[in-house]
Amino acid sequence: MISRVVGFPALSGPLDIEVASGEVVILRGPNGCGKTSLLRALAGLDSPLTPRLVHARAHPAMSMQHPHGALIGLTVEGEFRLRKRGTPAELESMADRDVALLSSGEARRVSLAVADEGAQLLLLDEPAEGLDVDGRERLRMLVVRARDRGAAVLAADHGDALLDLATREVHLGACDREPLAPIPRTDGPRLLDDPPLGPGFHALVGPNGSGKTTLLRKLASPSRPFAPADATAMFTRDTVADELSRADADVADELVPGTLRARHPLTLSGGEAQRVSLARALGRRASVYLLDEPEAHLDGAGRAALVRAIARRVREGACVLAATHDDALVALAQQVVRA
Amino acid sequence: MRRLDAIAVLVALLALTTIALSAPWPAAVLLVVGALFVMSRRGAFLLLVGSSIVINALILGIADGWARGAVEGAIGGARLAAALGVNLAMISRVGAARLLDGLRLPPRAATLAAAVLLAAQDVGRDFVRLREARRLEGEKPDLLSAARLLPGLFVLAERRANARRDALFLAGHATSRRFVPIVVVASLAAAGRLALLALPNVKLTFVVVFLGGVLYGPLVGAMGGIIGMALTDMLFSGLYPLAFVNAPAMALVGLAGATLRRVDWEGDGRIERWAGLSFAFAAGVIGTLIFSVASDSLTWLVVAPTSRAAWIALVIAGLAFNVIPAIANGMLFALSVRPVVGAFRRLREGGPTARAPMAPASRVPSHAASERPPPAALSSASAPR
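Protein sequence lines, in the order shown, are assigned to chains A and B.
Those letters in the first sequence? Residues 9 to 347, per the numbering used here, in order.
Those letters in the second sequence? Residues 13 to 397, per the numbering used here, in order.
Worth flagging that the hints you see were computed from the coordinates, not collected in a lab.
Among these hints, one or two may not hold up.
Stated by the list, open to error - As a list, the in silico SDA-like pairs of lysine to any residue whose alpha-carbon atoms are at most 25 Å apart:
hint: 1; chain 1: A; residue 1: K226; chain 2: A; residue 2: L150
hint: 2; chain 1: A; residue 1: K92; chain 2: B; residue 2: S52
hint: 3; chain 1: A; residue 1: K92; chain 2: B; residue 2: S188
hint: 4; chain 1: A; residue 1: K92; chain 2: B; residue 2: R143
hint: 5; chain 1: A; residue 1: K92; chain 2: A; residue 2: L150
hint: 6; chain 1: A; residue 1: K226; chain 2: B; residue 2: R15
hint: 7; chain 1: A; residue 1: K226; chain 2: A; residue 2: D202
hint: 8; chain 1: A; residue 1: K92; chain 2: B; residue 2: L115
hint: 9; chain 1: A; residue 1: K92; chain 2: A; residue 2: G158
hint: 10; chain 1: A; residue 1: K226; chain 2: B; residue 2: L117
hint: 11; chain 1: A; residue 1: K226; chain 2: B; residue 2: I19
hint: 12; chain 1: A; residue 1: K226; chain 2: A; residue 2: A257
hint: 13; chain 1: A; residue 1: K92; chain 2: A; residue 2: D140
hint: 14; chain 1: A; residue 1: K92; chain 2: A; residue 2: E125
hint: 15; chain 1: A; residue 1: K226; chain 2: B; residue 2: S52
hint: 16; chain 1: A; residue 1: K226; chain 2: B; residue 2: G136
hint: 17; chain 1: A; residue 1: K92; chain 2: B; residue 2: G150
hint: 18; chain 1: A; residue 1: K92; chain 2: B; residue 2: A121
hint: 19; chain 1: A; residue 1: K92; chain 2: B; residue 2: G136
hint: 20; chain 1: A; residue 1: K92; chain 2: B; residue 2: P119
hint: 21; chain 1: A; residue 1: K226; chain 2: A; residue 2: R146
hint: 22; chain 1: A; residue 1: K92; chain 2: B; residue 2: A18
hint: 23; chain 1: A; residue 1: K92; chain 2: B; residue 2: R15
hint: 24; chain 1: A; residue 1: K226; chain 2: A; residue 2: A249
hint: 25; chain 1: A; residue 1: K92; chain 2: B; residue 2: R116
hint: 26; chain 1: A; residue 1: K92; chain 2: B; residue 2: R53
hint: 27; chain 1: A; residue 1: K226; chain 2: A; residue 2: P203
hint: 28; chain 1: A; residue 1: K226; chain 2: A; residue 2: V338
hint: 29; chain 1: A; residue 1: K226; chain 2: B; residue 2: A121
hint: 30; chain 1: A; residue 1: K92; chain 2: A; residue 2: M102
hint: 31; chain 1: A; residue 1: K92; chain 2: A; residue 2: R176
hint: 32; chain 1: A; residue 1: K226; chain 2: A; residue 2: E125
hint: 33; chain 1: A; residue 1: K92; chain 2: B; residue 2: A186
hint: 34; chain 1: A; residue 1: K92; chain 2: B; residue 2: R120
hint: 35; chain 1: A; residue 1: K226; chain 2: B; residue 2: I336
hint: 36; chain 1: A; residue 1: K226; chain 2: B; residue 2: R146
hint: 37; chain 1: A; residue 1: K92; chain 2: B; residue 2: A108
hint: 38; chain 1: A; residue 1: K92; chain 2: B; residue 2: L117
hint: 39; chain 1: A; residue 1: K226; chain 2: B; residue 2: T271
Isolated chain B (complex conformation) (with noise of 0.2 Å):
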C-alpha cells in the first residue's frame, strides 16, 4: 500500500467516526447498515449493536424519564454501534498489517510495532497450539486451563521475541536494552484480547499486563500495556474513540505489578507470600472497576454529556455489571502470579545456559543496544584461552 493511500483511508477513519459521533443521527444509522454490507461477521455486530441500543437506553432511560432519557440512550448507543462498525469494516477489508505498513513510520516505530504484531500473531498460534494439544489430551477447554497456559506463554513469547530481536540485529537495526520484555508485554497483550473475546472485562490482557509488571518491573509493565493496547485499538477498531481509553489504563495495571517485584513467591515467608497474592487479587478487583469507570466515562461523553445523572447511571451500570468479571481477574492474577514466577525461573535452571534458546530478562546480549558490530568485535572477544 502507498503512503498516500494510508494516509486517505486514515482521513476517511477519522472523517466517518467524527459523523458517526456527531451528525444528526440518521447519519449514524446509515453508517450502522453500509458497515453491515461490507462486514463478514454481520451476526455478530448486528448483536453489538442490538445492545449497545438497548443498554444505554435502559439505563438512560431510567436516570432521565423514559421518554427523553431512553431516545437519548438509544441514539447514543447507534453513534458508538456506528463509530465502531465503519472503523472495523474498513479495517477488516484494508489489513490493519498492510495500513501500518503503509503508513512508512520511521524504522524504530515500525520495527517495533511489526515486532509487537508478529510476537502476537505468534503467540496467538501457540496459545491455540498449546489449548490444542491440551484438548488432545482430554482436558476440557474452561476459564482455569485457559490460565493454566499463561506460564508457557510468557516463556514462549519470550523466545519469539528474541528470535525477532536477533533478525533485527542482523538487518542492522538497533534494538534497546528493555525490546525484548516490552514485546513480551506487548505482545501477549495484543494476543489476549483476542482470547476470552467473548467474556466482557475478563481478559488476559489485564492479567497479561500485570504479569508483565511483576516480571519485568514498572516500565516494561507500563509501556508493554500501553504499546500492546494501542497497536491492538487500532488493529481492531481503527479511531474508534472508546478503545483508547484502554492505554493508559493498562498501564496503571502494569505499574500494580510492578509493586509485587520484590515478593519471594516460591521462598519460606508465607506472610509475604499471602500479602502478595492479596494484593494481586486486589488489583485485578479494582483495576478491572477502575476500567469500568474510565470506560463508562467516556460513554457518557458520547451518549449524554449534559446530564449529571446519566453519568451516575452509567457507571454505576458498568460497576454492577462488571462485579463478577473483577472478581474473576482478581483470582486470575492471584492464581497466576505464582506459576508464572515459577515457570521463568525452572526454565532458566532447567537446561546447559549454552543450549539454551532464552537469555533471562536482564541478560542482552552485547549487540543488543549497538549497531551491527564489525565482524572483527566477534573475533577479539573471543580469544584463545
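Just chain A, with the same shape it has in the complex (with noise of 0.2 Å):
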C-alpha cells in the first residue's frame, strides 16, 4: 500500500482510500468537493484542518491544477537543472523558451514531464486540460510508464483522458455524468468577419501554441463578452454575487449554485470559478459570445449546464464561439474552426 486515505474534512461523507503499487486511481467529484485539497494533503503542502488520516509512504511527486503556477525555473532547460535532470528528448526542441511565455497547453506538458521523476506517488491534478490530442497521448504514455514501474497513480479529473488505464474510479460525493444535451443549428447572417460565422455554436481547435487564445482575445469587445481559460484573474468583485450582478438571472442560475453566491471569488475551486466565469459571460445579452477552453474543471453537470446555457443563447440567434480540445463539445459544434 501507498497511500491511503480515511476521511477528509472537506469532504461531506465518509471516504477511506488505498491504493496500491501499480495501481491508476482516478478521483471524481462534484466541483468544490474537495479532490484538489486532498491531493495537496498528499502531497504535503497543506495539512487537513481536521485530519483522520492521512498516509503517503511514498515520495510524491505532483502536477497541479494550473501548470504555469507549477513551474519554477526561467526556461525549459532551467527548469529540469533546478530538478537536477536533464531536459526530456521530448521538450528539446523548446528547451531554451522562456517559461513564462509558454502557452497553458505546453506549460501543461512541461509540468508533466516535470512529474515525470519516478516518484513512487504520482498525484496529477486534471492533468489532462488544455492538452491537444499529442499531449494527452504523452500524459497517458506517463501513466503507463508510473504504473509500470510499481507507481501509484492517482488522478483528479472529470474528462476520460485516463479512463481506460483507470484500476478503478472513486466518486467524492456524487457526480452524475449528465448526457449533454443537443445544440440547436441557425442559420441567419454573419455576426463575425474573421473567422466568417453566423449564427450557432462553433468550436475553434487546433494544437497547443496555435494562437486560439490570441484570437479569441483579439475579437473580445463590450459587445462580445468574453470567458478566459483561467477564469480567476477576472474576478474584480468580493463576492459571488457581486460578480453575477449584471447577469441574468436564469443563466446564472443554470450554473452558479446559490451556496455559492455569498462566497469572495478567489476562494472558490477551480471549476467553481470556472461556472462563475461562464455565467459572467453567458449571462449577458450579445450576439457574439467568446468562449476559451469553456469545459475546463468543470464535473459533469456543469458541463450539461454549460451546453444548456450555449444552447440557450443559440436559440436567441446569437454566435457563440469556443476555443476548446474537448472531442464531446466539438461534435455539438455547428462548424469547426482550425487555429
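Mind docking these for me? Both chains are given alone in their own frames, and the hints should help you get the complex.
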C-alpha cells in the first residue's frame, strides 16, 4: 500500500481510499468537493484542518491544476536543471523557451514531464486540461510508465483521457455524468467576419500554442463577452453575487449554485470559478460570445449546464465561439474552425 | 544558453556601456545608430534619444551658458541614450530570462529570481485580464481604473507566489518564511514598471512597494522593492547605470509604507485614519521627489560632473517636471491603501478556510522553512481523532 486516506474534512461523506503499487485511481467528484485539497494534503502541501488519516508512504510527485504556477525555472532547460535533471528528449525543441511565455497547453506538457521523475506516488490534478491530442497521448504514456514501474497514480479528472488506464474510479460525492443536450443549428446573417461565422455554436480547434486564445482575445469587446481559460484573473469583486450582478438570473442560476453566492470569488475551486466566469459571460445579452476552454475544470453537471446555457443563447440567434480540446463539445458544434 | 555565453554577453554589455559613457562622443552616436538597427521598436527609442538630447542641452544651456552648456548637455544626453540603447538592444536580442538562466546562479538565488520574474509575468497577465474584464464591462481605461485593480492584483499575486512556493517545495527547494510576501511585492513592483510606462514617474511600482510595506512590514517592503527593481533593471536595461538608482530608493518607499502597518484603516478612529491617509499622501509626494533628485544627480554625474550649476539646474528642472507626478503618486498612495488592506481582510474572511487557496501573510505552512519532509511526517501529523 502506497497511500491511504480515511476521512477528509473537505469531503462531506466518509472516505477510505487505499492506493496500492501499480494502481491508477481516478478521483471524481462535483466541483468544490475537495479533490484538489486531498491531493495537496497527500503531497504535503497543506495539512487538513481536522484530519483523520492521510498517509503518503512514498515520495510524491504532483502535477498541479494550474500548470504555469507549478514551474520554477526561467527557461524549460532551467526548469529541469533546478530539479537536477536533464531536459527530456520530447521537450528538447523548446529547451530555450522562456517558461513565462509558454501557452497553457505547453506549460501543462512541461509540468507533466516534471512530474515524471520516477516518484512512487504520482498525484495528477486535472492533468488533461488544456492538452491537445498529442499532449494527451504523452500524458497516457506518463501514466503507463508510472504504472509499469510499480508507482501508484492518483488523478483527479472530470474527463475520459485516463479512463481506460484506470484500475478503479473513486467518487467523492455525487457526480452524475449528465448527457449533453444537443445544441440547435441555426441560420442567419454573418456575425463575425474573421473567422466568418453566423449564429450557432462553433468550435475553435488547434494544437497547443496555435493562437486560439490570442484570436479570441482579439475578437473580444464590450459587446462580445469573453470567458477566459484562467477564470480567477477576471474577478474584481468581493462576492460571487457581485460578480454576477449583471448576468441574467436564468443563466446564472443554471451555472452557479446558490450556495456559492456569498463566497469570495478567489476562494472558489477551479471548477466553481469556471462556472462563475461562464455565467458572467453567457449571462449577458449579446450577439457574439467568446469562450476559451469553457469545459475546463467542470464536472458532469457543470458541462451539461454549460451546454444548456450555450443552447439558450444559440436559440436566441447568437454566435458562440469556443476554443476547445473537448471532443464532446466539438461534436456539438455547427462549424469547426481551425486555428 | 551556456554559462560562458551568458558571461560573454554581460562583459559585452559592460564594455559597450563604458564606451557609451566615457569614449569620445562620436562613439556614443555610433552606438545609438547601431542600437537603432538592432531594435524592433525604433520609433519609441528615437523619441527617447531626441528628448534626452534636447532636454539635457536645454537645462545645461540655461545653467552653463548656451555655447558651452548646450553642447555639453547634448553630448551627455546622447551618451545616456547610447548606454540605454545598447543595453536594450542586446537584452531584447538575447532574452533576459535566457541570460539570467545562463548565468547558472546558485539554486536559492535562481529560484527566487525565477519566482519573482515568473510571478511578474503572471501578474502582468492578470493585470491585462482584469483590465480587459473592466473594459468588456464598458469601463474606460484611466489612472483611477488602473488603481482600482490594485487590491485584486495583490490578492492574485499572493496566490501566484503561494503556488510557486508549493512548486519549489515539491521540487525539494527550501523557501524562507518571507518568500511569499517578498515575491508578491517584488513581482508586483516589476509588473508595475510596465504598466503606465508612458507616464513618467507615475508608476504602479511606487504604490505597490509602499503597500507592500503597509501589508507585510519593513523588511518585506524594502527587500521587495530592491529585488523587484534590480531584476527589472537588468531585464529592461541591462547595465544602464541610471536604472540602478531605483533599487535603494524604492527600499525607502517600502520602509515608509511599513510605518503605517499598525493603522486601523477600517476602525472607528477617524483621526488615526486621516493621519494615516495624510502620511500616505506625503510619502507619495516626498518619495517621488527624492527619486527625482537621486536620478537627476546620477544624470549629472554622466553629463557634466564638474559643473555645480549644472547639478542645481538638473535637480530644479527635475523637481519642476515631477510636481504633477508626485501629486498623482501621493493621491494613489492615499487612495489605494484602504481598499487594498480591506480586500486582504475580506478575502481572508470570505470563504471556508479549508478551501481558501491563500495563506494569511503570517501563516506559513509547516514545510515552508524546511527541506522536503519525509512522508512519515505527514502521517504522524494527522493521526485519527
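Tell me, which hint numbers fail for this structure?
1, 2, 4, 6, 10, 11, 12, 13, 17, 19, 21, 24, 26, 29, 31, 32, 35, 39
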